[in-house]
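Colleague: Sequence:
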Amino acid sequence: MRGQGTWEVWDGRSWRDPGQRNFLGPIRVEGMVGNKYIGSTNRKFHSSSLLALHYLTNDLIIAVDVTLDADTAHPRLRVSEDGKSVTDTGAIRRVSVKKKRFVYQAFVLAKEGYKSGTFYWEVDVGKRRNWILGVAQETVKRKEVVLSPQNGFWAIALADGQDYWVHTDPWTRLTVSGRPQKIGIFLDISAKKLSFYSVHEKKALYTFTFDSDHSQDVKLFPFFSTGSTAIKADTEPLRILCPATANTQQLPCLNSWRTTSPKQQGVF
Numbered sequence: 044m045r046g047q048g049t050w051e052v053w054d055g056r057s058w059r060d061p062g063q064r065n066f067l068g069p070i071r072v073e074g075m076v077g078n079k080y081i082g083s084t085n086r087k088f089h090s091s092s093l094l095a096l097h098y099l100t101n102d103l104i105i106a107v108d109v110t111l112d113a114d115t116a117h118p119r120l121r122v123s124e125d126g127k128s129v130t131d132t133g134a135i136r137r138v139s140v141k142k143k144r145f146v147y148q149a150f151v152l153a154k155e156g157y158k159s160g161t162f163y164w165e166v167d168v169g170k171r172r173n174w175i176l177g178v179a180q181e182t183v184k185r186k187e188v189v190l191s192p193q194n195g196f197w198a199i200a201l202a203d204g205q206d207y208w209v210h211t212d213p214w215t216r217l218t219v220s221g222r223p224q225k226i227g228i229f230l231d232i233s234a235k236k237l238s239f240y241s242v243h244e245k246k247a248l249y250t251f252t253f254d255s256d257h258s259q260d261v262k263l264f265p266f267f268s269t270g271s272t273a274i275k276a277d278t279e280p281l282r283i284l285c286p287a288t289a290n291t292q293q294l295p296c297l298n299s300w301r302t303t304s305p306k307q308q309g310v311f
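Counting in this note's numbering, the sequence shown runs from 44 upward without gaps.
These are computed hints drawn from the structure, not numbers from a lab.
In this text, all values refer to a predicted model and were calculated from it rather than measured experimentally.
Be a bit skeptical, because a hint or two may be false.
As the list claims (entries may be wrong) - In silico lysine-lysine, DSBU-like type, Cα no more than 30 Å apart, as pairs:
1. K143 to K235
2. K141 to K127
3. K225 to K262
4. K262 to K127
5. K186 to K141
6. K262 to K245
7. K246 to K235
8. K246 to K186
9. K142 to K154
10. K235 to K186
11. K245 to K186
12. K246 to K225
13. K154 to K236
14. K127 to K275
15. K262 to K235
16. K127 to K246
17. K262 to K184
18. K143 to K158
19. K235 to K275
20. K158 to K275
21. K170 to K236
22. K154 to K262
23. K235 to K245
24. K142 to K127
25. K225 to K236
26. K154 to K184
27. K245 to K154
28. K170 to K154
29. K143 to K236
30. K158 to K142
Unchecked claim - Restraint-style ranges between C-beta atoms, simulated for each label pair:
31. E181 to D254: 13 to 21 Å
32. Q259 to K154: 16 to 24 Å
33. G169 to T215: 23 to 31 Å
Built from N, CA and C at the ideal position, the CB exists for glycine as well.
Full structure from sequences and hints, please.
Modeller: Structure below.
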């Protein structure tokens with residue numbers, strides 16, 4: 044892969060060109076993406092193409108195929124057969140008893156957990172008035188909990204269709220322009236950062252920095268919620284997406300796109 048040309052640096056970070064280790068600034072990508080040759084493009088990557096930006100970090104493609112774990116889902120939530128969407132049914136369903144199932148809050152985790160590496164996924168929140176997205180430690184409590192880094196959750200949320208929040212303790216109000224319908228989430232465990240982006244507007248929303256609240260011996264799982272169970276159910280699902288490039292070629296969703304360098308391995 045060769046990096047040349049036109050992509051903005053986001054959120055003050057330096058994105059390295061594999062051919063020019065200290066390259067800073069706009070970048071254009073050509074060559075291989077995963078197992079697909081995308082050719083050369085003079086256009087910017089945009090829309091869902093935060094993948095193109097993050098592709099340059101550690102010479103690694105980090106889009107991941109996130110699948111929901113129905114065994115963790117609150118009984119009010121229905122996970123699709125392919126594990127790519129979750130819907131609030133508004134009613135408590137009869138489900139099997141599982142130690143890892145969330146009991147009181149409308150939460151669900153992904154099947155895949157990560158201890159090291161860099162990973163990117165996108166979620167279509169559509170026109171939902173309530174949602175919560177982020178990551179959670181494998182060891183989080185499954186009964187009633189307060190969402191905060193101290194309790195093993197790093198998440199942002201939309202409440203009542205108008206208020207955006209960062210789930211710190213106490214909550215932090217988040218200023219967001221417009222109404223993002225696709226959220227990009229970038230987890231960089233080695234850098235101890237979790238970043239959220241508005242995909243269509245190509246804007247950074249918020250970045251967590253992991254401090255002593257997270258041990259790298261504990262897996263982090265993508266985390267999803269449809270919001271409070273005290274409100275009327277919104278039946279529009281949360282959908283997990285696979286990133287695409289500006290030339291409309293849909294990239295294959297793989298468990299991980301990464302180099303063979305041992306330091307990059309970390310998908311379990």
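Colleague: Each hint: holds or not?
Modeller: Structure-based check of each hint:
1. K143 to K235: Given that 30 Å is the threshold and the Cα spacing comes to 25 Å, the pair holds.
2. K141 to K127: It holds: about 21 Å lies between the C-alpha atoms, which stays within 30 Å.
3. K225 to K262: Status holds; Cα separation ~25 Å.
4. K262 to K127: holds, 21 Å
5. K186 to K141: holds, 12 Å
6. K262 to K245: Cα-Cα ~28 Å, so holds.
7. K246 to K235: Answer holds: K246 to K235 is near 20 Å, not above 30 Å.
8. K246 to K186: violated, 34 Å
9. K142 to K154: holds, 15 Å
10. K235 to K186: holds, 27 Å
11. K245 to K186: violated, 36 Å
12. K246 to K225: Holds, at about 11 Å.
13. K154 to K236: holds, 21 Å
14. K127 to K275: Cα-Cα ~23 Å, so holds.
15. K262 to K235: holds, 13 Å
16. K127 to K246: Status holds; Cα separation ~24 Å.
17. K262 to K184: Given that 30 Å is the threshold and the Cα spacing comes to 14 Å, the pair holds.
18. K143 to K158: holds, 19 Å
19. K235 to K275: violated, 36 Å
20. K158 to K275: Roughly 36 Å separates the two Cα atoms, so the pair is violated.
21. K170 to K236: holds, 28 Å
22. K154 to K262: The hint holds at about 11 Å.
23. K235 to K245: holds, 22 Å
24. K142 to K127: The hint holds at about 22 Å.
25. K225 to K236: Between K225 and K236 the Cα gap is close to 20 Å, so the pair holds against 30 Å.
26. K154 to K184: holds, 17 Å
27. K245 to K154: holds, 28 Å
28. K170 to K154: Within the cut-off at roughly 26 Å; holds.
29. K143 to K236: Status holds; Cα separation ~26 Å.
30. K158 to K142: Between K158 and K142 the Cα gap is close to 22 Å, so the pair holds against 30 Å.
31. E181 to D254: 13 to 21 Å: Taking Cβ atoms as reference, E181 and D254 lie about 18 Å apart, which means the hint holds.
32. Q259 to K154: 16 to 24 Å: holds, 20 Å
33. G169 to T215: 23 to 31 Å: With Cβ atoms ~24 Å apart, the hint holds.
Checked against the numbered hints given earlier, the structure breaks hints 8, 11, 19 and 20 and satisfies all the rest.
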